[in-house]
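Protein chains in written order, with the numbering used here: chain Y, 1 to 333; chain G, 1 to 333; chain C, 1 to 333; chain E, 1 to 333; chain P, 1 to 333; chain H, 1 to 333.
Among the clues, some could well be false.
Copies of the same chain look alike in the list, so a pair counts if it works inside one copy or between any two.
What the hints assert, rightly or not - Listed next, the in silico DSSO-like pairs over lysine-lysine satisfying Cα-Cα at most 27 Å (straight line):
id, residue 1, residue 2
1, Lys281, Lys106
2, Lys9, Lys23
3, Lys174, Lys123
4, Lys23, Lys290
5, Lys145, Lys239
6, Lys36, Lys2
7, Lys281, Lys174
8, Lys63, Lys290
9, Lys23, Lys298
10, Lys290, Lys70
11, Lys281, Lys38
12, Lys239, Lys70
13, Lys298, Lys123
14, Lys174, Lys23
15, Lys151, Lys239
16, Lys239, Lys63
17, Lys21, Lys298
18, Lys38, Lys298
19, Lys9, Lys281
20, Lys9, Lys36
21, Lys36, Lys298
22, Lys239, Lys298
23, Lys174, Lys120
No wet-lab data here; the hints were simulated from the structure.
There are 6 protein chains.
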Amino acid sequence: MKTYINEIKENDQVDSVFLVKEKSSGLTKTGNNYLKLKLGDRSGEMEGRIWTSVEMLSKGFEKDDFVHVKGKAVSFQEHLQLNITHTEKMEEGEVPYADFFPVAEKDIENMFQSLIEIIKQVKNPHLNQLLNLFFEDDSFIKRFKMAPASKWLHHTYLGGLLEHTLSLTQLVLKIVNHYEGLNLDLLFTASILHDLGKIDELSYHRSFDYSDEGRLLGHIVLGIERVEERIGQLPDFPKDLSILLKHLLLSHHGQYSWGSPKRPMTLEAVILHYLDDMDAKINGIQQFLKTQVREGSKWSAYHRRFEQYFYVPALLEEMELSDKIEETKKEEE
Amino acid sequence: MKTYINEIKENDQVDSVFLVKEKSSGLTKTGNNYLKLKLGDRSGEMEGRIWTSVEMLSKGFEKDDFVHVKGKAVSFQEHLQLNITHTEKMEEGEVPYADFFPVAEKDIENMFQSLIEIIKQVKNPHLNQLLNLFFEDDSFIKRFKMAPASKWLHHTYLGGLLEHTLSLTQLVLKIVNHYEGLNLDLLFTASILHDLGKIDELSYHRSFDYSDEGRLLGHIVLGIERVEERIGQLPDFPKDLSILLKHLLLSHHGQYSWGSPKRPMTLEAVILHYLDDMDAKINGIQQFLKTQVREGSKWSAYHRRFEQYFYVPALLEEMELSDKIEETKKEEE
Amino acid sequence: MKTYINEIKENDQVDSVFLVKEKSSGLTKTGNNYLKLKLGDRSGEMEGRIWTSVEMLSKGFEKDDFVHVKGKAVSFQEHLQLNITHTEKMEEGEVPYADFFPVAEKDIENMFQSLIEIIKQVKNPHLNQLLNLFFEDDSFIKRFKMAPASKWLHHTYLGGLLEHTLSLTQLVLKIVNHYEGLNLDLLFTASILHDLGKIDELSYHRSFDYSDEGRLLGHIVLGIERVEERIGQLPDFPKDLSILLKHLLLSHHGQYSWGSPKRPMTLEAVILHYLDDMDAKINGIQQFLKTQVREGSKWSAYHRRFEQYFYVPALLEEMELSDKIEETKKEEE
Amino acid sequence: MKTYINEIKENDQVDSVFLVKEKSSGLTKTGNNYLKLKLGDRSGEMEGRIWTSVEMLSKGFEKDDFVHVKGKAVSFQEHLQLNITHTEKMEEGEVPYADFFPVAEKDIENMFQSLIEIIKQVKNPHLNQLLNLFFEDDSFIKRFKMAPASKWLHHTYLGGLLEHTLSLTQLVLKIVNHYEGLNLDLLFTASILHDLGKIDELSYHRSFDYSDEGRLLGHIVLGIERVEERIGQLPDFPKDLSILLKHLLLSHHGQYSWGSPKRPMTLEAVILHYLDDMDAKINGIQQFLKTQVREGSKWSAYHRRFEQYFYVPALLEEMELSDKIEETKKEEE
Amino acid sequence: MKTYINEIKENDQVDSVFLVKEKSSGLTKTGNNYLKLKLGDRSGEMEGRIWTSVEMLSKGFEKDDFVHVKGKAVSFQEHLQLNITHTEKMEEGEVPYADFFPVAEKDIENMFQSLIEIIKQVKNPHLNQLLNLFFEDDSFIKRFKMAPASKWLHHTYLGGLLEHTLSLTQLVLKIVNHYEGLNLDLLFTASILHDLGKIDELSYHRSFDYSDEGRLLGHIVLGIERVEERIGQLPDFPKDLSILLKHLLLSHHGQYSWGSPKRPMTLEAVILHYLDDMDAKINGIQQFLKTQVREGSKWSAYHRRFEQYFYVPALLEEMELSDKIEETKKEEE
Amino acid sequence: MKTYINEIKENDQVDSVFLVKEKSSGLTKTGNNYLKLKLGDRSGEMEGRIWTSVEMLSKGFEKDDFVHVKGKAVSFQEHLQLNITHTEKMEEGEVPYADFFPVAEKDIENMFQSLIEIIKQVKNPHLNQLLNLFFEDDSFIKRFKMAPASKWLHHTYLGGLLEHTLSLTQLVLKIVNHYEGLNLDLLFTASILHDLGKIDELSYHRSFDYSDEGRLLGHIVLGIERVEERIGQLPDFPKDLSILLKHLLLSHHGQYSWGSPKRPMTLEAVILHYLDDMDAKINGIQQFLKTQVREGSKWSAYHRRFEQYFYVPALLEEMELSDKIEETKKEEE
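Next up, chain Y with everything else stripped away, as it sits in the complex:
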């Protein structure tokens, strides 16, 4: 069973799998070689040292490998450090990703099924076929379920792209009949595909970062390319519909300064932009508040990207929230 780094205490005997984040060798004062490791899992990082049988224990694994280690946690200069006496490299398939990376709290399979249900409701045959080309492709599905939605701002965990996509699509579903004259199928399709390019923009194999093509081209263009490629496989896909769909994808950031090469020019594009921006921001704030509000404080730390503080009034909890939610749930039935 996994032992998490933030649970390890002085003098514990540790026997678990960690990700090797750094690996280098050092020299003791007496002139002997030793090995310095930085070990990580989703709960944090700690130093590891191999003082004996250095050569033998160092073989067989490299930086970025998952390694099964055994050893004892000792305290050195006020920090814990693992003195390692056993190492064994693990194959990637043997290791549950969720032990090593933050992962969505909601169940990924459930979310995926909910999204599939919505897709089934898209009646326009061209858009329906297009969505199916994506969501019947196992390799795509695997990446789509795993990807985070962002490196920094919102849904920054495995499954985050799926969670954000589903959340946005559900918002669209709730709001879409509020206004007249909207093309529902177009809106659903665009909301499902809008951040598609993030499966290529972000790399999340060992840590969340931008891929080269992510930095150089960006998820908007990467997504357009994937959609264009699939549309190319549907010879009857109408040109006008293709342009409209791509316009929604291109313009969903809403402004040039946020990386959209076009601003929204149709009602559907305007709505997609607002709901996407709102969903990302709400999730971003909620994630931030989880770790960035000191106990006893009603104010968060300063959020650098949003350039402001957020307020978490105690009041909210006290005002018999539960009653009211029931109430409003009923009224919707």
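On the provided structure of chain Y, position chains G, C, E, P and H as indicated by the hints.
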């Protein structure tokens, strides 16, 4: 029965009530006095002239009065002009406003009842009392039902403030359970009161314009003052709740540059800002498209405030829209 | 032979082909039908009237057709107007475009050959193949030779895209060895393809305007799609090279606010952006100065897009320019 | 008598009152409890330790209390630390605030009297009454005298709000006759009340910080509310005058981006904005220069908010300044 | 005696001097030559025609000459037009400029003497000498007295530069002792010289416009050049003082975006910027209000440069202004 | 021979010249005086200590002197420190600057000769004379050859100003015939003189920093002053030409926000701005990439001024670059 200006044709005998928008006197080439009027109703404006009995017919009314006139429509320099032979000032009570100003297409009483129903669901006793102080005050109700929501951009018609307030509150209702941990009563109350100050900001007695206090103080501050005054009548209203509510009102424009002295700092304030902005923009575009798309074109005229064109694809209408709406309606039951 | 509108004088008998820009019918004071036309060619526009045999002469052509007309130029309210007595619709193939639209002063075939010569120097086999896929495709070549480079700002004439592309590529050729470590083939290829999407962004069939996909997607994305499609035909094209090339195309506007979804991140991308921007601006100013400097003035009219005046010092002409050009030409040999 | 922290030297016996800024317990290597305190006064902070009679000495005071302590200053790891042998909590009234917070250099009572003198000159009976409502309210006066004018930028000390208000009002007094047609009473009243809301915006009980309502509503709106409340007590106060006064308060930051929901629209509002901004900036620079210019340097450190360096030329001091001041003083008599 | 254009009525015999703003020839329907003039003075412009003795009356004057004309005012197409029967060119010295251009309301000589008095108080010998170099130079004085301060925004009349310079210097005089540690001589000198370059930037010989060097270099740099030239004539002028003075001149616009290549870095520079900006803006608004407030309105027209409306409350006049001014005057004695 | 700081190892006997960057005295625990030095050369900095004969060895040199020291490198708290036993001050002439500051990689004399060759080609006698006034002045030449071009961004080494000036002028030479109608002599002269003021703006005697006049006036104005002074020595220099030249110098930053008080208004000014900006940016990126790309990475560190990352594709090196350079070189012959 009202004869509308845009229905008048050359040589018509006209007998109807108009608003006098300008009144001045002129001199014919032969040195006789005549009276120049600009007449208006909700359908447009036209020139009026009094050539005979000038002194007598000119008495009894001024600019900005409603006047019952009789006369004949003649053509002068390619424009129609009314040669007036009878004038009679009308009292304000005798005249239906909707003949003279654009008015919401939706029924005002129906919209108002829908809003009252939502207000009843606000369970927090302080917020409920506060809302009742407003919505049991007939003088307030009368102005609230009449006011437009904006001079330029969106819901620019009598009843527009009510329509926008209801639409926003319904959006809140639809979305509010999508996210956890929101204070629903606070959100409903803020959405109902958010543009309150517009009943003072805009004057819509004779034409839509800003009042002096509207220009000098703005609807955000005017609304805060009205809310603060009512809260002063509720001695037990919690200070914290009052600050939170006013924060939502203050920050609902979202940015300094849009006239909000504070940016949204709570989840509720963030959501209120996005939905308000979206609702105003969607209505603004829809209104604009009604008059600013030339027949046969898929592109609107250039929208100066939004600094862009909008696109109205024929496609939207062709894609069997009706089927789909049924479908999605069912799924919500 | 073409008679240009700006050459027509009162009482001239006109016998030439014009583009019909507007067509509508009117009613004379005596109640007879007549036909109103707006005729155009590259030199300007004039009114046309058909007073007799209206029905017969009106048949067979519509707005946006090229029509051979005969008639007499008469003066009406200080403007010339053509009283037409003969009409005959022309097929598009029969009409030289250059009579009706502004066209590059430089010879299009010569410019095209110069560009082909530069393409031949691209040695990287992948980039070379990619360029050949474009420049051996007659349908592409035809559009590429014809397209203007912009609706408003620079090279706003038939052949303008080619002229700008060649000019930029020649600038690259001159400068590229000035700095060390640049990938020349990449720079040449990107400069040749950088505005490719403009053949789809602009429509220039009857007047210069944006196409629907031009407005909704923009030439940057349209160009990327064309390049991506061609690269798809080259199975061995390296992924890295493809990303780099597309990065140069995406980022050539240099800034988000100018519609680039990415800013230049490589030395080649930085150079491409500067030279493209400079070439467009210099041509834009030169075109502007041709018509927007009043005789005797050293100052141009106000340029709205650039938000400034330009200065054309007489001094420049007086300072024996010719001598110096010879001089500097020599030194380059 | 107060012993200031920055005067304490190694081995001093200290017997004085300090503010307890942090209080927590620790464990010695031998397993005994001890108490860790952070002590503060206006001159700085230092560590305090209670090693013996820990339980007894720890009782009776908490974080944010003023405590009379006795103990000996010892050096630990190059820092002084107070080994405490006696503690006694002080009541707030017993403690002079000025020992613990930076305080205006100018005498607060003198400044207040000067302001009262100016208030007496306001002849408009409504404005005069309004000012009196504030300046005859002891509770208000107490807070107004104590409040700083800003957390970061200018007059960041007790009495700073009063000092800035007086300074601005004196500037108004000096300049107001320079221009014709100004409403002097309005300008005086607005300058006296312009930053009123800062007594609610900032909390300065234990440290300078924003209050919840300060962050959520801001001093501009808080001030408006206080003024509106007082005007409500004056039934004859003219509506127009009230709007004008509130406009000056609302717009005194001058720009949306600086948190004013309205820009100045009257001559008085324009002047108030300029003089307020100038006075705040000059004081801000002067305060900054006191601590942020290294000896021997003519350049200040980088000012982050103003995003620049300031220059303090030696020259200024050398140029017989005193003579000149006499001179110009004379000329004003 | 001068007859002003806005006083001329139909059928008047006119005998006065005007500025010829345009001069061209036309052809009557009967084929005769006539001369078209545009005549101007400070009150407006009107058309002039010479129908007879055209050749003789046309000789001897050109565009931009002052010409004594005689003729009769007739009405043509609703406009007055002068049928001229006599022309005589005037020498420039014979013509009072103030008849032809707007001129400061305050007496130019009085203002100049007031400025000279302030200059005398500058005790620093270097700065005093520098000022004297300018203000003992008759050619400079003549231009300095005549120049407007701006083409568009403020003090846009002959004598405007002097008026603004004096006003700013008087503001400096009033405020300068309010703050400690300012170098008064430096501030006075900079305020007197700050807009010096405007005598070169603006041409105001026939109309207010920018000179070539004004547009190409700007008054800030032109002023620096004039100051630098004079300092070059004072061999003992301290380098440090010269840099400081020039810094105040360079930075007085306060921001890069307003054309200052440096932002204010000393207290004196900060104050100069604020007072200059305030004085220009107040005068700009006052000038604007004189012509841009419709009778009966409390709101000005929209001010394009300032991008806002201004408010002129009736209230101001009613509140016994005169009493109060007396009051505050006394208190200053 | 120079021993560089980054070559010194523990226990080395050091005997070399260093720049004394800091000098202060300390007290050992036993109460003895010692001297603390910070020593520097172009390779880095290290601590120096004088423990014995302190008084004698401390005499004769101060901070900012070059001093010949002898001593032994010892390790103290993981850092090397020089225990000094001999000191001797060096005269400035005895010390090669390049040992202490970064210096251009290209040969300074060669670059200077190349620039002189270009100057000879300027045929306009006035501009030629002006350039000669500068480039025949030994004192100017010495400073011009030594100065860096910037403190932070580009060409930040001795000789950098010369290198950037030559590079820009060569770019001008390559491009200038690409466009018609340019005044070549004006462009060459402006490119040679454009950053002239940097010899006064930056001080680079002991470290690269801004001089007082650099910060207060900036290199643009300082350069204008130097040019104006020289033009004053050429009585026949045409006024128009002087204005044009100065306009190019003033506007070469291109935008107000980059410190240009005027934007480019002539074709030459536009070109100068683009090429200058490009050359500075390319050099800035190239310098940055030399130190700010971690081994094995294709991405640079984040560039704070440019606010982005840069990409260094391995690809570039692999694609037989050498062949192609030959190729393109040939083609230019």
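Now the hints, each set against the structure:
For a Cα distance limit of 27 Å, the shortest separation of Lys281 from Lys106 inside one copy, 18 Å, qualifies, whereas the shortest one across copies, 33 Å, does not. In this assembly of identical chains, the alpha carbons of Lys9 and Lys23 lie at most 27 Å apart whether taken from the same copy (23 Å) or from different copies (26 Å). Taking identical chains as interchangeable, the C-alpha atoms of Lys174 and Lys123 lie at most 27 Å apart whether they share a chain (18 Å) or sit on different chains (24 Å). Taking the shortest alpha-carbon separations for Lys23 and Lys290, only the inter-copy value of 25 Å comes in at or below 27 Å, while the best intra-copy value is 32 Å.
Proximity of Lys145 to Lys239 under the C-alpha cut-off of 27 Å is restricted to the inter-copy arrangement: shortest distance 25 Å between copies versus 30 Å within a copy. For the homomeric pair Lys36 and Lys2, the shortest alpha-carbon distance inside one copy (22 Å) is at most 27 Å, but the shortest distance between copies (37 Å) is not. In this assembly of identical chains, Lys281 and Lys174 lie within 27 Å of each other by CA distance both inside one copy and across copies; the values are 18 Å within and 18 Å between. In the homo-oligomer, the alpha carbons of Lys63 and Lys290 lie at most 27 Å apart only across protomers (25 Å), although the nearest pairing inside one protomer, at 31 Å, exceeds that limit.
When the C-alpha separation of Lys23 and Lys298 is checked against a cutoff of 27 Å, the pair qualifies only between copies, where the shortest distance is 20 Å, while the shortest distance within a copy is 42 Å. In the homo-oligomer, the alpha carbons of Lys290 and Lys70 never lie at most 27 Å apart, since the shortest distance is 33 Å inside one protomer and 41 Å across protomers. For the identical chains of this complex, Lys281 and Lys38 are neighbours neither inside a copy (33 Å) nor across copies (38 Å), given an alpha-carbon limit of 27 Å. Proximity of Lys239 to Lys70 under the C-alpha cut-off of 27 Å is found in neither arrangement, the shortest distances being 60 Å within a copy and 42 Å between copies.
For the homomeric pair Lys298 and Lys123, the shortest alpha-carbon distance between copies (24 Å) is at most 27 Å, but the shortest distance inside one copy (47 Å) is not. With identical chains, the CA atoms of Lys174 and Lys23 are never at most 27 Å apart, being 51 Å at best within one copy and 48 Å at best between copies. Within a single copy, Lys151 and Lys239 get their C-alpha atoms only as close as 34 Å, which misses the 27 Å cut-off; across copies the closest is 24 Å, which meets it. For the homomeric pair Lys239 and Lys63, the shortest alpha-carbon distance between copies (26 Å) is at most 27 Å, but the shortest distance inside one copy (48 Å) is not.
In this homomeric assembly, Lys21 and Lys298 come within 27 Å of each other (Cα to Cα) only across copies, at 19 Å, whereas the closest approach inside a single copy is 36 Å. For a Cα distance limit of 27 Å, the shortest separation of Lys38 from Lys298 across copies, 23 Å, qualifies, whereas the shortest one inside one copy, 36 Å, does not. Taking the shortest Cα distances, Lys9 and Lys281 never come within 27 Å of each other, neither inside one copy (37 Å) nor across copies (52 Å). Taking identical chains as interchangeable, the C-alpha atoms of Lys9 and Lys36 lie at most 27 Å apart whether they share a chain (20 Å) or sit on different chains (24 Å).
When the C-alpha separation of Lys36 and Lys298 is checked against a cutoff of 27 Å, the pair qualifies only between copies, where the shortest distance is 25 Å, while the shortest distance within a copy is 41 Å. When the C-alpha separation of Lys239 and Lys298 is checked against a cutoff of 27 Å, the pair qualifies only between copies, where the shortest distance is 15 Å, while the shortest distance within a copy is 53 Å. In this assembly of identical chains, Lys174 and Lys120 lie within 27 Å of each other by CA distance both inside one copy and across copies; the values are 17 Å within and 22 Å between.
Hints 10, 11, 12, 14, 19 from the list above are not met by this structure, while the remaining hints are.
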